[in-house]
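J.: These are the residues of each chain, in order.
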Amino acid sequence: MGGRTALVTGGTSGIGRAIVEHLSGAGMQLAFTGRDVGRGTEVAAATGATFLQADATDRGRCDESIDEALAALGGRLDLFVSNAGLVFAAPLEETPEAVYRELLEVNLTAAFRYSRACLRVMRAQGRGSIVHIVSDAAIRGIHHIPVYTISKTGLLAMSEVLAAEAAPHGVRVNAVCPGATVPGVQSTIAGYDHHAEDASTWGPAPSGRHGSGTDIAEAVLWLASGAAEHVSGATLRIDGAASAAMRAIARA
Amino acid sequence: MGSLVGLRVLVTGGTSGIGSGIVEHLRAEGASVAFTGRSHRRGSTLGQATGAAFVAADLSDSAAIRDMVEEAVDSLGGLDGLVLSAGVLHRARLSETSDDEWDKIIDLNVVAPFLVTRACLRHLHASGGAIVTIASGTALWPEMELGAYSVSKRALLSMTQMLAVESAHHGVRVNAVCPGDTAAGMSALVNGGGPRDHGPPVMPPAGRLATPADAASAVAFLLSPDSAFCSGAVLAVDGAMRAALRAHRVRG
Chain H
5 MGGRTALVTG GTSGIGRAIV EHLSGAGMQL AFTGRDVGRG TEVAAATGAT FLQADATDRG
65 RCDESIDEAL AALGGRLDLF VSNAGLVFAA PLEETPEAVY RELLEVNLTA AFRYSRACLR
125 VMRAQGRGSI VHIVSDAAIR GIHHIPVYTI SKTGLLAMSE VLAAEAAPHG VRVNAVCPGA
185 TVPGVQSTIA GYDHHAEDAS TWGPAPSGRH GSGTDIAEAV LWLASGAAEH VSGATLRIDG
245 AASAAMRAIA RA
Chain V
1143 MGSLVGLRVL VTGGTSGIGS GIVEHLRAEG ASVAFTGRSH RRGSTLGQAT GAAFVAADLS
1203 DSAAIRDMVE EAVDSLGGLD GLVLSAGVLH RARLSETSDD EWDKIIDLNV VAPFLVTRAC
1263 LRHLHASGGA IVTIASGTAL WPEMELGAYS VSKRALLSMT QMLAVESAHH GVRVNAVCPG
1323 DTAAGMSALV NGGGPRDHGP PVMPPAGRLA TPADAASAVA FLLSPDSAFC SGAVLAVDGA
1383 MRAALRAHRV RG
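From first to last, the protein sequence lines stand for chains H and V.
With positions in the first sequence counted from 1, the corresponding number in our numbering is that position plus 4.
With positions in the second sequence counted from 1, the corresponding number in our numbering is that position plus 1142.
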């Protein structure tokens, strides 16, 4: 993968940070977005990747970040990883409209808008790979986090539809669905600090442990590689069999 | 008079297509019905023909939605059933979908059903009522030429199942009907105007398109006590259209 280029959204923490570290370690040239300048600068210094401050709710800034990423990467984009996401834990009955809208905006619409723009670039190149970091929630549904589940379920459909559309242009699109991962989704809606994901409330997978960022990053690297040349429209669950069969033990 | 005598039901998007078929069928089965729609002319015509109450509503405005629900519940004297049929269709690939089109699809197909449901929940808790969402075959298996629409309907299906789980302890059942291509189906298009001609439809194995009555009888079942233990269910009404991948043969 040496010399290949990638853009990763939400690369300053959690799974996104692990992806930035792992892909940089594999010799790829990276740009990544995130909200937090302090964390972004730190990840950039540690990996040599280019940090682009962008909040996924700010459409104008997201659009700029794509142009800036292309400039930083020499005008070529081999891989786009849509990773930025928010979680919110409350029944729908108690979910404010603004929260519902913001989760759809960040987890679904921002992913759509970035993907649409990156597909345009990759079509012109005649090749490229897009990986959406989705969630187990998109496959089985997790009712403790219903808005998250709804947004991620839409995202998985989006990934599949885009794969069908992109395939004739040499562009592959795949979805990775992590189960409970430490550190996982750290971001929640402003004003709702207590809703950030807390891994201690999740039991381990049947494999006996939680997932790690590296588990996910390895899959992203493989999906981006030539070894996965005929893999498109795929959904890859990485959850230690957590969602494989129904278990009586639910989230605490 | 049939199986729904005494049930008080609100139907969104009842002035055309599948929605008006649902209004007619529920009335024929003896339910009291209030319905929303954009067209006052069609609303009053259908109201006069069926004895259902037309309630004008703009489903993109949450305050208007609350007022609409209160008006409908007042006219019905309570609420036993909610049918979320309002929706908007858009024929386009994702890469050809503008921000404005995407936003309208998400607003009307994913956000509005949430807002209407939220406004109805306390009434449905009081009666132990039922919700039926009109999703789409594209929620089960997306279509490339209906990119954003497929994404929105998949998210709506997820919302249905999340609601089913969190409403169960109130005795409220929540189920989805997924109609396949329907003759005289969706008339609300994002880009305005009437349905565009896209050539002959692909027929399902059953050899004909669905009719609004096909979906309506599934809705009546899911509102009735006959489906007392059905919740979180997904009922495809598509003539086996999505029962299997039908290979695209180039010869023979």
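The set of hints was computed from the structure by calculation and includes no laboratory data.
Check the hints yourself; a few may be wrong.
SDA-like cross-link-like pairs, simulated, lysine to any residue; straight-line CA separation at most 25 Å [said to hold, decoys possible]:
{"id": "1", "chain 1": "V", "residue 1": "LYS1246", "chain 2": "H", "residue 2": "ARG117"}
{"id": "2", "chain 1": "V", "residue 1": "LYS1246", "chain 2": "H", "residue 2": "THR61"}
{"id": "3", "chain 1": "V", "residue 1": "LYS1246", "chain 2": "H", "residue 2": "GLU101"}
J.: Give a verdict on every hint.
T.: To see whether the hints hold, each was checked on the structure:
1. LYS1246/V x ARG117/H: holds (15 Å)
2. LYS1246/V x THR61/H: Given that 25 Å is the threshold and the Cα spacing comes to 17 Å, the pair holds.
3. LYS1246/V x GLU101/H: With Cα atoms ~16 Å apart, LYS1246/V and GLU101/H stay inside 25 Å; holds.
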